[in-house]
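Chains as they are written, first to last, in this note's numbering: chain A, 1 to 110; chain B, 1 to 115.
Treat the hints loosely; a few may be bogus.
Stated by the list, open to error - Pulled from the structure, derived: some chain B residues nowhere near chain A, Cβ distances all over 12 Å: (1) Glu62; (2) Gly63; (3) Gln104.
What the hints assert, rightly or not - With a straight-line cut-off of 25 Å between C-alpha atoms, the simulated DMTMM-like cross-links for lysine to aspartate or glutamate are: (4) A:Lys57 to B:Glu53; (5) A:Lys57 to B:Glu103; (6) B:Lys18 to B:Glu79; (7) A:Lys102 to B:Asp59; (8) A:Lys97 to B:Asp38; (9) A:Lys102 to B:Glu70; (10) B:Lys69 to B:Asp38; (11) B:Lys71 to B:Glu1.
Unchecked claim - Which bits of chain A does chain B cover? Going by a derived footprint, with three or more residues having C-beta under 8 Å, they are: (12) 44 to 53; (13) 100 to 108.
Source of the hints: derived by calculation from the structure; they are not laboratory data. For every residue, glycine included, the Cβ atom is placed at its ideal position computed from N, Cα and C.
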Amino acid sequence: AQRVTQPEKLLSVFKGAPVELKCNYSYSGSPELFWYVQYSRQRLQLLLRHISRESIKGFTADLNKGETSFHLKKPFAQEEDSAMYYCASITGGSNYKLTFGKGTLLTVNP
Amino acid sequence: EAQVTQNPRYLITVTGKKLTVTCSQNMNHEYMSWYRQDPGLGLRQIYYSMNVEVTDKGDVPEGYKVSRKEKRNFPLILESPSPNQTSLYFCASSLREQELKGEQYFGPGTRLTVT
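Make a model of the complete structure from these sequences and hints.
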């Protein structure tokens, strides 16, 4: 079964510092990977997907198949980035199941 | 406005009293899913539905039922709730095409407490 691991439950940085939220996956094929974000008192929403190779709100994430990682990075954190971040993966086949990691709570201090 | 709605948003109930949490989407999405969110455990899928009358178990289906009689609605039923089902529940939906890309639209959540 595929697994998504986010090793850090909590991550605290200062405003303007670089931030990296770690995500590792276990799947021998080619999964599609995503980052979802949940701001305080808001619903979960898609932040970015690896297939699009896009940058959203200054965040980027690169798929590293050798290390089976999909870390989320931002060079200069902002206070409004404080939120819960979930890494998720999806595989094809018959059920298109989206599997989430346990989440990392990012706090950006002023 | 395109959205996923859930009702109720908050519910406190007692062990064994049947309850239903409704989920509705107005985006004509084929795929719908229920998750529960617990501290330290992240989101875990309970049930999902690929289309009308097609449902299947997720990772933690025990104690839950679902039905998909209409495309827009996907209610979650707890026949005999127990305290370990105290959790925050999210409904999500997506188009089949978007589901391949993992873009699910989430509801606002239902906080359930079973005493």
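Evaluated hints:
1. With a least CB separation of 17 Å from chain A, glutamate 62 (chain B) remains clear of the 12 Å interface cut-off, as annotated.
2. Annotated as non-interface, glycine 63 (chain B) keeps its C-beta farther than 12 Å from every C-beta of chain A; the closest such distance is 20 Å.
3. With a minimum CB-CB distance of about 6 Å to chain A, glutamine 104 (chain B) fails to clear the 12 Å threshold, and the non-interface call is violated.
4. In summary, the hint linking lysine 57 (chain A) to glutamate 53 (chain B) is not supported, as the alpha carbons are separated by about 39 Å, beyond the 25 Å threshold.
5. Simply put, lysine 57 (chain A) and glutamate 103 (chain B) have alpha-carbon atoms about 17 Å apart, close enough for the 25 Å limit, and the pair holds.
6. Taking the CA atoms of lysine 18 (chain B) and glutamate 79 (chain B), the gap is about 5 Å. The hint holds against a cut of 25 Å.
7. Between lysine 102 (chain A) and aspartate 59 (chain B) the CA atoms are separated by roughly 14 Å; this keeps the pair inside 25 Å, and the hint holds.
8. Taking the CA atoms of lysine 97 (chain A) and aspartate 38 (chain B), the gap is about 19 Å. The hint holds against a cut of 25 Å.
9. Proximity of lysine 102 (chain A) to glutamate 70 (chain B) is assessed by CA-CA distance (about 32 Å); at most 25 Å being required, the pair is judged violated.
10. At roughly 29 Å between alpha-carbon atoms, lysine 69 (chain B) and aspartate 38 (chain B) are farther apart than 25 Å, so this suggested pair is violated.
11. With a CA separation close to 18 Å, the supplied pair lysine 71 (chain B) and glutamate 1 (chain B) stays within the 25 Å bound.
12. With 5 residues having a Cβ less than 8 Å from any Cβ of chain B, the stretch 44 to 53 of chain A passes the three-residue criterion, so the hint holds.
13. Closer than 8 Å: that is the beta-carbon criterion, and the stretch 100 to 108 of chain A has 4 residues meeting it against chain B, so the requirement of 3 holds.
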